[in-house]
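Enquirer: Take the sequences, apply the hints, and build the full model.
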Amino acid sequence: MGDNKNNRIKMVSEKIVSHTTLLDKTYEIYNQALTYILKVMFQEFPLTYDESIKTTTNVVEKLIHHTAKNPQPKYEDFNMLFPKYPSYFRRATIASAYGKWSSWRSNYLNWEKERLEAIDNNKKFTKKAPTPQFEHTDFPVFYKGNMYKQIAEGYEIKIYKNNDWVWEKVVVSAKTDLIRRGITDWKQCNPKLIKRGSKYFLSFAYEKEIKLHKLKESDTRILAIDLGLTNSAVCCVMESDGTVLDRLFIKQSKEKDHLFHLTNQLKKAQRQTRGAKCPRYWNRIKGLQRQMTNDTAHQIIEFATKYNVNTIVFEYLGQMRIPKGFYGARRLRFKLHYWRKTGIQNKVTEMAHYLGMRISRVLARGTSMYAYDGTGKVSRSNRKDLCEFPEGKKYHADLNASYNIGARFFIRATIKPLSEKRRLALGAKVPEVLVRTEQTLSTLYKLQTCKA
Numbered sequence: 030m031g032d033n034k035n036n037r038i039k040m041v042s043e044k045i046v047s048h049t050t051l052l053d054k055t056y057e058i059y060n061q062a063l064t065y066i067l068k069v070m071f072q073e074f075p076l077t078y079d080e081s082i083k084t085t086t087n088v089v090e091k092l093i094h095h096t097a098k099n100p101q102p103k104y105e106d107f108n109m110l111f112p113k114y115p116s117y118f119r120r121a122t123i124a125s126a127y128g129k130w131s132s133w134r135s136n137y138l139n140w141e142k143e144r145l146e147a148i149d150n151n152k153k154f155t156k157k158a159p160t161p162q163f164e165h166t167d168f169p170v171f172y173k174g175n176m177y178k179q180i181a182e183g184y185e186i187k188i189y190k191n192n193d194w195v196w197e198k199v200v201v202s203a204k205t206d207l208i209r210r211g212i213t214d215w216k217q218c219n220p221k222l223i224k225r226g227s228k229y230f231l232s233f234a235y236e237k238e239i240k241l242h243k244l245k246e247s248d249t250r251i252l253a254i255d256l257g258l259t260n261s262a263v264c265c266v267m268e269s270d271g272t273v274l275d276r277l278f279i280k281q282s283k284e285k286d287h288l289f290h291l292t293n294q295l296k297k298a299q300r301q302t303r304g305a306k307c308p309r310y311w312n313r314i315k316g317l318q319r320q321m322t323n324d325t326a327h328q329i330i331e332f333a334t335k336y337n338v339n340t341i342v343f344e345y346l347g348q349m350r351i352p353k354g355f356y357g358a359r360r361l362r363f364k365l366h367y368w369r370k371t372g373i374q375n376k377v378t379e380m381a382h383y384l385g386m387r388i389s390r391v392l393a394r395g396t397s398m399y400a401y402d403g404t405g406k407v408s409r410s411n412r413k414d415l416c417e418f419p420e421g422k423k424y425h426a427d428l429n430a431s432y433n434i435g436a437r438f439f440i441r442a443t444i445k446p447l448s449e450k451r452r453l454a455l456g457a458k459v460p461e462v463l464v465r466t467e468q469t470l471s472t473l474y475k476l477q478t479c480k481a
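Numbering (this note's numbering), first residue to last: 30 to 481.
Because the hints were derived from the structure by calculation, they are not lab data.
Errors might be hidden in some of the hints.
Stated by the list, open to error - Derived lysine-lysine pairs resembling BS3-like cross-links, with alpha carbons at most 30 Å apart:
| # | residue 1 | residue 2 |
| --- | --- | --- |
| 1 | Lys204 | Lys240 |
| 2 | Lys306 | Lys296 |
| 3 | Lys240 | Lys39 |
| 4 | Lys221 | Lys187 |
| 5 | Lys237 | Lys297 |
| 6 | Lys190 | Lys228 |
| 7 | Lys156 | Lys68 |
| 8 | Lys198 | Lys228 |
| 9 | Lys237 | Lys54 |
| 10 | Lys224 | Lys173 |
| 11 | Lys370 | Lys285 |
| 12 | Lys245 | Lys413 |
| 13 | Lys306 | Lys157 |
| 14 | Lys44 | Lys68 |
| 15 | Lys91 | Lys190 |
| 16 | Lys156 | Lys228 |
| 17 | Lys113 | Lys103 |
| 18 | Lys156 | Lys221 |
| 19 | Lys44 | Lys190 |
| 20 | Lys296 | Lys376 |
| 21 | Lys364 | Lys406 |
| 22 | Lys156 | Lys142 |
| 23 | Lys83 | Lys113 |
| 24 | Lys240 | Lys91 |
| 25 | Lys178 | Lys44 |
| 26 | Lys91 | Lys129 |
| 27 | Lys228 | Lys173 |
| 28 | Lys129 | Lys157 |
| 29 | Lys221 | Lys245 |
| 30 | Lys422 | Lys475 |
| 31 | Lys335 | Lys353 |
| 32 | Lys39 | Lys370 |
Said to hold, decoys possible - Here are the in silico distance ranges between beta carbons for each label pair:
| # | residue 1 | residue 2 | range |
| --- | --- | --- | --- |
| 33 | Gln294 | Ser131 | 42 to 50 Å |
| 34 | Gly385 | Asp324 | 21 to 29 Å |
| 35 | Thr84 | Lys297 | 57 to 65 Å |
| 36 | His95 | Lys44 | 35 to 43 Å |
| 37 | Thr378 | Gln72 | 37 to 45 Å |
Note that the Cβ used here is the ideal one computed from N, Cα and C, for glycine as well.
Expert: So, in structure tokens, the structure goes:
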């Protein structure tokens with residue numbers, strides 16, 4: 030089941046209302062120092078250089094910083110260009126610059142590898158080498174005690190003012206309600222000075238090591254989720270014996286109708302303007318997608334918390350395969366639906382881990398194709414949210430799929446620890462056990478009967 034611990038981080042931004050333009054100089058000098066140190070690294074470091082941050086900090090400081098033990102650094106103009114530059118700022122700048130240099134190095138080595146492979150295979154290679162970027166808009170980190178202090182009225186931070194680095198009191202709009210965010214017992218990390226537009230924020234990271242549950246898969250209570258077309262999500266709470274405790278339907282009809290019209294308007298505008306980007310429509314579509322993703326994820330987590338679920342089970346999405354005959358707005362809607370499903374799974378995974386829940390995925394193929402009662406393949410009706418079982422019974426298609434998703438999780442947990450001989454013996458009694466694409470809820474019932 031993997032590691033039982035994971036470090037989770039939440040970001041909290043507090044808006045600075047007492048200062049705006051006064052902080053511009055600090056922000057500007059930090060990025061100028063970052064550019065200088067980046068140029069030093071590109072000048073001094075060979076492609077084979079791959080040391081730790083601690084070692085790199087010592088190496089760079091010997092190159093640029095004048096001290097009693099290092100009276101003649103190679104790049105001695107650093108102290109003249111950045112007088113009285115705080116030591117903790119300098120180390121933070123070196124760490125940031127090394128990260129950017131390492132990223133360029135990795136990209137360059139990958140490019141070189143691709144180039145050599147193309148030469149060996151006598152293929153044409155036109156891809157350009159990654160270009161070093163020296164100008165960045167990075168944000169400085171303030172280390173507690175040396176660069177920032179917490180006071181009753183707000184914070185004191187060290188900034189560049191009147192040609193000197195001095196302590197300055199800054200007032201924030203309102204301190205974040207840590208109780209509402211659920212992070213009162215989380216560790217507060219050093220803040221970054223973030224600039225958004227013309228406003229500045231102190232962005233704090235809160236960190237906590239959360240232990241995921243250690244229950245066996247066969248002993249857990251799960252929430253099985255099918256991310257369908259007509260419904261954003263259909264969920265069922267299931268016990269290990271296949272008992273379904275409750276169901277949840279998340280429809281979002283208004284949002285989907287709005288998205289349908291937006292995609293039509295976008296494609297119409299692109300036809301009329303010969304493929305223009307139409308950013309106004311895209312911004313509205315992205316905002317609606319984000320709202321639908323967040324709303325679905327929050328409803329899923331709220332439902333899982335209500336029933337003390339241990340594991341949330343999704344279907345494995347795999348790569349996007351667009352069906353033949355999908356063009357224009359229809360093709361775009363298919364892509365948006367896939368991206369939204371991926372976003373929902375990622376968001377639910379993040380939120381579930383905060384609560385100690387695990388995430389699992391099962392094979393998606395056949396979950397909607399076969400009836401959960403084991404009678405065979407289903408047929409879809411004109412109403413796409415309904416399906417018809419072989420004996421004529423009508424049932425909700427996505428709910429049927431969610432039953433099969435939950436059942437496959439417990440079937441896998443049951444047969445995984447068994448020997449091959451025992452699996453074949455069970456397969457002789459319950460043939461569907463050996464064919465994953467045909468496993469349904471009835472397969473789980475039969476499997477439990479055989480084990481009993």
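Enquirer: Work down the list of hints and note, for each, if the structure agrees.
Expert: Hints versus structure:
1. With a C-alpha separation of about 28 Å, the suggested pair Lys204 and Lys240 falls inside the 30 Å cut-off, and the hint holds.
2. At most 30 Å may separate the alpha-carbon atoms for a hinted pair to count; Lys306 and Lys296 meet this at roughly 10 Å.
3. This hinted pair checks out: Lys240 and Lys39 have alpha carbons roughly 16 Å apart, not beyond 30 Å.
4. Between the alpha carbons of Lys221 and Lys187 the distance comes to roughly 12 Å, so the proposed pair stays at or under 30 Å and holds.
5. In summary, the hint linking Lys237 to Lys297 is not supported, as the alpha carbons are separated by about 48 Å, beyond the 30 Å threshold.
6. Between Lys190 and Lys228, the direct Cα distance comes to roughly 18 Å. Compliance with the 30 Å bound is thereby established for this hinted pair.
7. Between Lys156 and Lys68 the CA atoms are separated by roughly 24 Å; this keeps the pair inside 30 Å, and the hint holds.
8. This hinted pair checks out: Lys198 and Lys228 have alpha carbons roughly 16 Å apart, not beyond 30 Å.
9. A C-alpha spacing of about 34 Å is found between Lys237 and Lys54, which places the hinted pair above 30 Å, so the restraint is violated.
10. Of the supplied pair hints, the one linking Lys224 and Lys173 holds, its CA atoms being roughly 20 Å apart against a limit of 30 Å.
11. Of the supplied pair hints, the one linking Lys370 and Lys285 holds, its CA atoms being roughly 14 Å apart against a limit of 30 Å.
12. Note on Lys245 and Lys413: the hinted pairing is violated, with a Cα-Cα distance of about 37 Å set against a maximum of 30 Å.
13. A hinted pair counts as satisfied when its Cα atoms are at most 30 Å apart, and Lys306 with Lys157 qualifies at roughly 26 Å.
14. Distance restraint check for Lys44 and Lys68: the Cα-Cα separation of roughly 33 Å exceeds the 30 Å cut-off, and the hinted pair is therefore not satisfied.
15. Our distance criterion of 30 Å between C-alpha atoms is met by Lys91 and Lys190, whose separation comes to about 27 Å.
16. Using a Cα cut-off of 30 Å, the hinted pair Lys156 and Lys228 is violated, with the two alpha carbons roughly 40 Å apart.
17. Proximity of Lys113 to Lys103 is assessed by CA-CA distance (about 18 Å); at most 30 Å being required, the pair is judged to hold.
18. At roughly 36 Å between alpha-carbon atoms, Lys156 and Lys221 are farther apart than 30 Å, so this suggested pair is violated.
19. For the hint pairing Lys44 with Lys190, the CA-to-CA distance comes to about 20 Å; that is within 30 Å, so the pair holds.
20. Simply put, Lys296 and Lys376 have alpha-carbon atoms about 29 Å apart, close enough for the 30 Å limit, and the pair holds.
21. Simply put, Lys364 and Lys406 have alpha-carbon atoms about 27 Å apart, close enough for the 30 Å limit, and the pair holds.
22. For the proposed pair Lys156 and Lys142, the alpha carbon gap of about 12 Å is at most 30 Å, so the pair holds.
23. A distance of roughly 22 Å separates the Cα atoms of Lys83 and Lys113; the hinted pair therefore holds under the 30 Å criterion.
24. Taking the CA atoms of Lys240 and Lys91, the gap is about 42 Å. The hint is violated against a cut of 30 Å.
25. Of the supplied pair hints, the one linking Lys178 and Lys44 holds, its CA atoms being roughly 16 Å apart against a limit of 30 Å.
26. The hinted pair formed by Lys91 and Lys129 meets the criterion: a straight-line CA distance of about 20 Å does not exceed 30 Å.
27. Restraint check for Lys228 and Lys173: satisfied, since their Cα atoms lie roughly 22 Å apart, inside the 30 Å limit.
28. For the hint pairing Lys129 with Lys157, the CA-to-CA distance comes to about 19 Å; that is within 30 Å, so the pair holds.
29. Annotation: proposed proximity of Lys221 to Lys245 is violated, straight-line Cα distance about 41 Å (limit 30 Å).
30. Proximity of Lys422 to Lys475 is assessed by CA-CA distance (about 21 Å); at most 30 Å being required, the pair is judged to hold.
31. This hinted pair does not check out: Lys335 and Lys353 have alpha carbons roughly 42 Å apart, beyond 30 Å.
32. Taking the CA atoms of Lys39 and Lys370, the gap is near 23 Å; set against the 30 Å cutoff, the hint holds.
33. The hint said 42 to 50 Å for the Cβ distance between Gln294 and Ser131, and at roughly 44 Å that hint holds.
34. Between Gly385 and Asp324 the CB atoms are about 23 Å apart, so this pair conforms to the stated range of 21 to 29 Å.
35. Checked against the hint of 57 to 65 Å, the pair Thr84 and Lys297 passes, with Cβ atoms roughly 58 Å apart.
36. For His95 and Lys44, the hinted distance range of 35 to 43 Å is satisfied, since their beta carbons lie about 38 Å from each other.
37. Roughly 43 Å separates the CB atoms of Thr378 and Gln72, a value that falls within the hinted 37 to 45 Å.
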